[in-house]
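When you get a sec, could you build the whole thing from the sequences and use the hints?
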Amino acid sequence: MEIIMSIVIGVCYACAVFLLLQKRLLQIVLGIALLGHSTNLLIFVASGLHGNSVPIIQNGLKELPLIAVDPLPQALILTAIVIGLALFGFSLALAYRCVAVLGHDDIDQITHTDTLDDPISKVDSKVS
Amino acid sequence: MKSSPILDITLRWLVVLLGIVSFFLLLRGHDEPGGGFSGGLLAASAIIITTIAYGADAGRKLLHFQPLSYIAVGLILSVLAGLFQWDAVFMSSIWVELSLGFTIIKLGTPLLFDLGVYIVVLGVVSSFVLEIESIVKIKKEGL
Amino acid sequence: MSNLLTLPLLVPLISATFGILARQHANVQRWISLAGISVYLAIGFILISHVLDQSYLTAQVGGWQAPYGITLVADLLSAIMILFTGLIVFSVLLYSLMTSKPCGFSPAFHPLVHFLLMGASGAFLTGDIFNLYVCFEIMLMSSFALMTLEGKAEQTEGAVKYVVLNLLSSAIFLAGLGLLYAKVGSLNMADISVISQQAVADEKVGPIRLAGLLFFVSFSVKAGMFPFFFWLPASYHTPSPPVSALFSGILTKVGVYALIRLHTLVMPGEVLGYKLLLTMGVATMLIGVFGAASQMHIRRILSFHIISQIGYIVVGIAIKTPLALASAIFFIGHNIISKGNLFLVAGLASDIVGSEKLHKTGGMWKAWPQLGIIYLISAFSLAGFPPLSGFVAKFSIVWATVESQLWWVMAAAIFTGLFTLYSMMKIWVEVFWKDHPDPDRDLTLGKNSRRLMPVSLLAGIIIFLGLGGGPLFDICLRAGEQLVNPAGYIQAVLGEIT
Numbered sequence: 001m002e003i004i005m006s007i008v009i010g011v012c013y014a015c016a017v018f019l020l021l022q023k024r025l026l027q028i029v030l031g032i033a034l035l036g037h038s039t040n041l042l043i044f045v046a047s048g049l050h051g052n053s054v055p056i057i058q059n060g061l062k063e064l065p066l067i068a069v070d071p072l073p074q075a076l077i078l079t080a081i082v083i084g085l086a087l088f089g090f091s092l093a094l095a096y097r098c099v100a101v102l103g104h105d106d107i108d109q110i111t112h113t114d115t116l117d118d119p120i121s122k123v124d125s126k127v128s
Numbered sequence: 001m002k003s004s005p006i007l008d009i010t011l012r013w014l015v016v017l018l019g020i021v022s023f024f025l026l027l028r029g030h031d032e033p034g035g036g037f038s039g040g041l042l043a044a045s046a047i048i049i050t051t052i053a054y055g056a057d058a059g060r061k062l063l064h065f066q067p068l069s070y071i072a073v074g075l076i077l078s079v080l081a082g083l084f085q086w087d088a089v090f091m092s093s094i095w096v097e098l099s100l101g102f103t104i105i106k107l108g109t110p111l112l113f114d115l116g117v118y119i120v121v122l123g124v125v126s127s128f129v130l131e132i133e134s135i136v137k138i139k140k141e142g143l
Numbered sequence: 001m002s003n004l005l006t007l008p009l010l011v012p013l014i015s016a017t018f019g020i021l022a023r024q025h026a027n028v029q030r031w032i033s034l035a036g037i038s039v040y041l042a043i044g045f046i047l048i049s050h051v052l053d054q055s056y057l058t059a060q061v062g063g064w065q066a067p068y069g070i071t072l073v074a075d076l077l078s079a080i081m082i083l084f085t086g087l088i089v090f091s092v093l094l095y096s097l098m099t100s101k102p103c104g105f106s107p108a109f110h111p112l113v114h115f116l117l118m119g120a121s122g123a124f125l126t127g128d129i130f131n132l133y134v135c136f137e138i139m140l141m142s143s144f145a146l147m148t149l150e151g152k153a154e155q156t157e158g159a160v161k162y163v164v165l166n167l168l169s170s171a172i173f174l175a176g177l178g179l180l181y182a183k184v185g186s187l188n189m190a191d192i193s194v195i196s197q198q199a200v201a202d203e204k205v206g207p208i209r210l211a212g213l214l215f216f217v218s219f220s221v222k223a224g225m226f227p228f229f230f231w232l233p234a235s236y237h238t239p240s241p242p243v244s245a246l247f248s249g250i251l252t253k254v255g256v257y258a259l260i261r262l263h264t265l266v267m268p269g270e271v272l273g274y275k276l277l278l279t280m281g282v283a284t285m286l287i288g289v290f291g292a293a294s295q296m297h298i299r300r301i302l303s304f305h306i307i308s309q310i311g312y313i314v315v316g317i318a319i320k321t322p323l324a325l326a327s328a329i330f331f332i333g334h335n336i337i338s339k340g341n342l343f344l345v346a347g348l349a350s351d352i353v354g355s356e357k358l359h360k361t362g363g364m365w366k367a368w369p370q371l372g373i374i375y376l377i378s379a380f381s382l383a384g385f386p387p388l389s390g391f392v393a394k395f396s397i398v399w400a401t402v403e404s405q406l407w408w409v410m411a412a413a414i415f416t417g418l419f420t421l422y423s424m425m426k427i428w429v430e431v432f433w434k435d436h437p438d439p440d441r442d443l444t445l446g447k448n449s450r451r452l453m454p455v456s457l458l459a460g461i462i463i464f465l466g467l468g469g470g471p472l473f474d475i476c477l478r479a480g481e482q483l484v485n486p487a488g489y490i491q492a493v494l495g496e497i498t
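Residue numbers (our numbering), protein chains in the order written: chain A, 1 to 128; chain B, 1 to 143; chain C, 1 to 498.
Rather than coming from a laboratory, the hints here were simulated on the basis of the structure. Watch out, some of these pointers could steer you wrong.
[Unchecked claim] Residues from chain A that keep clear of chain C, each with C-beta distances beyond 12 Å, as calculated:
1. Ile-3
2. Ala-14
3. Asn-52
4. Ser-53
5. Ile-57
6. Gly-60
7. Lys-62
8. Glu-63
[What the hints assert, rightly or not] Just the calculated beta-carbon pair ranges, DEER-fashion:
9. C:Ala-283 / A:Val-11: 18 to 28 Å
10. B:Ile-9 / A:Val-101: 35 to 45 Å
11. A:Lys-23 / C:Leu-4: 48 to 58 Å
Ideal Cβ placement from N, Cα and C applies to all residues, glycine included.
Written as structure tokens, this is what we have:
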């Protein structure tokens, strides 16, 4: 089971990287979201997929049954999902804002904050 | 915006139902699946459905206060839950058992914390949706 | 008493929350904000006095014992970082209260600054590595919003690069966390330290090293180290000057702080390559100053200098003797203050001369010599002139390299100092000394003269750090010794159990 999941995670990571390398901002935002989800899966699998009962000590027993799952990775994933939700919401809003302000979402054209200022020419670049 | 009678009737029941179920999730969340986050999401989905059906104004009306106020109030409640026992370390929990004759109700600071989370999530998600819906509406009217 | 450790998180949270509630009353919000940061600063002083007294303070949040619960720990490094963060945020808020730019009026500005402060203090105090991730995210989230607050075109552009690269690094951090947890089964940094020391002894360090390298890449992105720094100069000059000063003071320094913890506590010994860190530090120094030399925009020059200064700190971390770590810590403090002050002065000057492009500025020395002197104090401090704070910081770093007989690193450090001076003088000549290209330009300060107060406060701190260098450096030396011997830290966190 772990092996199948590892392959799935690998494919997810590959898709995320592919999306990150695209030209359009929306694809990059989706790539980041996918990257976050693949990482959540990674944490899930890293803790091992054994165990099939809730990690709560039943009435009358003194310790956890051996088949109980490790609850901590699930708590970590829950936290990461919540954070990922907020960040995904923000990135979508940013992509929208980018289209609204700049009129396009082509990464190759978003270079105005990287270019050197020409000390001689007195003409400002388009965005300044 | 004109809505269909089917949506209208269903929604009236659905919003009430979502509210009740979300509160149920909040209360059972301490040791069963559920909790403030999922309860808050469910409550927010009531706002989302209303917004989709009747527009952002109806969603705001259902929410009554501004989403940002929800976020602030929820945060204050959660912090208060941690501060209850000032002489112990932050976030130490206290439980009180109330006996109502036919049943026993356990109330504690984790519940207060969860209530805070519930309100924050409700505020955050509905502010996402309402803001986006308002932008879309402005765009439509602009065209 | 242990509640003292939760206060640096709670105070910003509470002031941010009340700031949100008071969002429609700008004046009330400002007073809340100022009161919040003053309390925070006071807590910073109390905290450092307690830590000087007792070496380590710990609090097990919620009463759950380490390593099962989340532990808050303050050693000298944490306390120093909190104090300097409080100082720079205090000055930035003071500056923004006295500015008439829209940033100071946006109802979101003050709550966001306090959330940023909360994330940063959480990162400094936590003893739990997953908690560190969460605090990073709180801080990043507020910084994203602060950067795009005015919604200008160039801010959106800068934010795209900043957001994408930082989210990428967060994902890498999280992946490293998952792998580390799978291997060691703990998230408490002290506990991880014990286990990885054992792994080093058993020579089974492979999986831990993999996780360590993922952390290392992620922290280097956040700290702006070569070759991961590209987001920094592309975005730091776009928000309003107070926000730039805040970012330069806090964000990259939290990345460096995490790197120190990683290198000294979580992955002790030679788990991270020492030569790798050293080479990257030197490359970061050199690339930063060369980048700055080619720029003709005030805040872009300063952004590149952030990178080169990070290089010095990383060299200090890499050498990892008590002296080198102490000088790295002193350097962080000095850099937070002088870099932040330079950004604030640059913002003030560009508001008056009307541009940040060097060929369009000038005449400030004649119009406002006070500002010129404050600029010179900060710039000379950055370049490392006595008796200012930068001299103590750079001298101690150079001394640490001499002690370890790393001559090439010493040469690079001195060369970088000279080039820093070149860039600082370029700004001085263009902005202050030469005449303004437009002779009719009105260079009066007007209401802006109030803003001289926070920048002179910071200049005063720079001089104080320089003149009081000896005793203050002794404190840093104690912090460095604490870092080199993590046994005390581990004892303080896990003491109740072992």
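A quick look at each hint next to the structure:
1. Ile-3: holds, 15 Å
2. Ala-14: Consistent with the label, Ala-14 of chain A stays out of reach of chain C, its closest Cβ about 14 Å off (over 12 Å).
3. Asn-52: holds, 19 Å
4. Ser-53: holds, 19 Å
5. Ile-57: Holds, since 15 Å exceeds 12 Å.
6. Gly-60: The claim holds: Gly-60 of chain A sits with its nearest Cβ about 24 Å from chain C, beyond 12 Å.
7. Lys-62: About 18 Å separates Lys-62 of chain A from the closest Cβ of chain C, which puts it past 12 Å; holds.
8. Glu-63: Holds, since 15 Å exceeds 12 Å.
9. C:Ala-283 / A:Val-11: 18 to 28 Å: violated, 35 Å
10. B:Ile-9 / A:Val-101: 35 to 45 Å: Taking Cβ atoms as reference, Ile-9 of chain B and Val-101 of chain A lie about 43 Å apart, which means the hint holds.
11. A:Lys-23 / C:Leu-4: 48 to 58 Å: holds, 51 Å
Consistency with the previously given hints fails for number 9 only.
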